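**Q** Here is what each chain is made of, one letter per residue.
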Amino acid sequence: MAFNILVIDDSATIRSVIKRTLKMAQVPINNLFEAGNGQEGLDIINDNWIDLVFTDINMPVMDGIEFIRILNEKNLIKELPVVVISTEGSSTRIEELLEMGIKSYLHKPFSPEKLKAVVDELLGLG
Amino acid sequence: MKIDLFSIMIESILEVIETVAFLVAIPVEEVDDEAGQADCISIKIDYTGFINGSMYIKAPYAFTPVLAANMLGIEEDDPNIMKKGEDAYKEVLNIICGNTLPKVFGKEPVFKLSMPQIAEDILKEIEEAGPKVVSRINLDIEDHIVSFWFTTDTDLPG
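If you read the protein sequences in the order shown, they are chains A and B.
Counting in this note's numbering, the first sequence runs from 36 upward without gaps.
Counting in this note's numbering, the second sequence runs from 58 upward without gaps.
It is worth saying that the hints were derived from the structure and are not from the lab.
What you are looking at is a predicted structure, and each value in this text was computed from that prediction instead of being measured.
Just the calculated beta-carbon pair ranges, DEER-fashion:
id, chain 1, residue 1, chain 2, residue 2, range
1, B, GLY106, A, ASN110, 29 to 37 Å
2, A, VAL96, B, GLN174, 16 to 24 Å
3, B, GLY130, A, TRP84, 22 to 30 Å
4, A, GLU108, B, VAL190, 38 to 46 Å
5, B, ASP90, A, GLU131, 38 to 46 Å
6, A, ASN107, B, VAL167, 17 to 25 Å
Glycine is no exception: its CB is placed at the ideal position from the N, C-alpha and C atoms.
Let the hints inform the model, and build the full structure from the sequences given.
**A** Now the structure itself:
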């Protein structure tokens with residue numbers, strides 16, 4: 036079984052790094068969607084089946100916090116696993132995000148092994 | 058307990074270079090700042106919070122394709138390799154800064170990071186800003202000398 040994964044980050048570089056790391060981690064991917072901000076991410080979710088979302092926090096137009104808040108409003112956050120990938124190191128901010136319903140938090144930099152462990156857990160692999 | 062900024066920087070930078078770019082870096086002591094000045098790219102990021110400061114990276118243009126290729130999994134002869142490499146430097150600096158701050162100041166404080174941008178002359182900029190603390194690390198990465206600076210506008214706690 037392969038999965039539809041959405042990567043939301045305003046940096047094309049980081050989206051490429053995440054794509055490369057998913058590939059190195061041998062995560063089975065059907066479609067990998069990319070968005071430059073939360074609004075683009077919501078548009079993709081509206082039009083496609085998504086199994087897992089990776090999102091950054093600090094982005095223009097709509098940041099990751101607002102994106103997660105809207106997923107909460109639409110009652111999607113319980114069914115759609117969201118993983119925040121960020122340089123944010125504050126434990127206060129991470130606790131807030133977990134309370135908002137995200138399933139996991141990956142602090143940059145992360146290894147392919149760490150990414151694989153999170154994906155395996157959330158998608159029931161391994 | 059006194060904060061060992063140099064060791065924290067080394068740990069953060071090596072971890073990021075190894076994990077994100079899959080490159081091995083070796084600390085070196087002395088570098089000639091005058092040599093090859095025009096052939097280097099310099100990037101800066103500012104952080105603001107209960108303490109403010111900046112981080113800088115300076116690297117030879119010749120290292121740019123190496124970093125981009127390793128980070129992005131592309132070929133070094135990619136037609137846009139230099140632009141992609143500039144973005145790669147910015148992301149590396151962003152990650153290093155985000156990784157270093159909680160190690161220096163603890164995990165409670167929230168810092169805001171600026172968008173990384175090109176710096177003209179790092180040494181001149183640091184001299185003019187007059188920070189309280191300046192720490193510098195020089196690394197040999199694939200036979201290229203890459204330098205990093207971390208500055209704060211007040212003394213470090215402890």
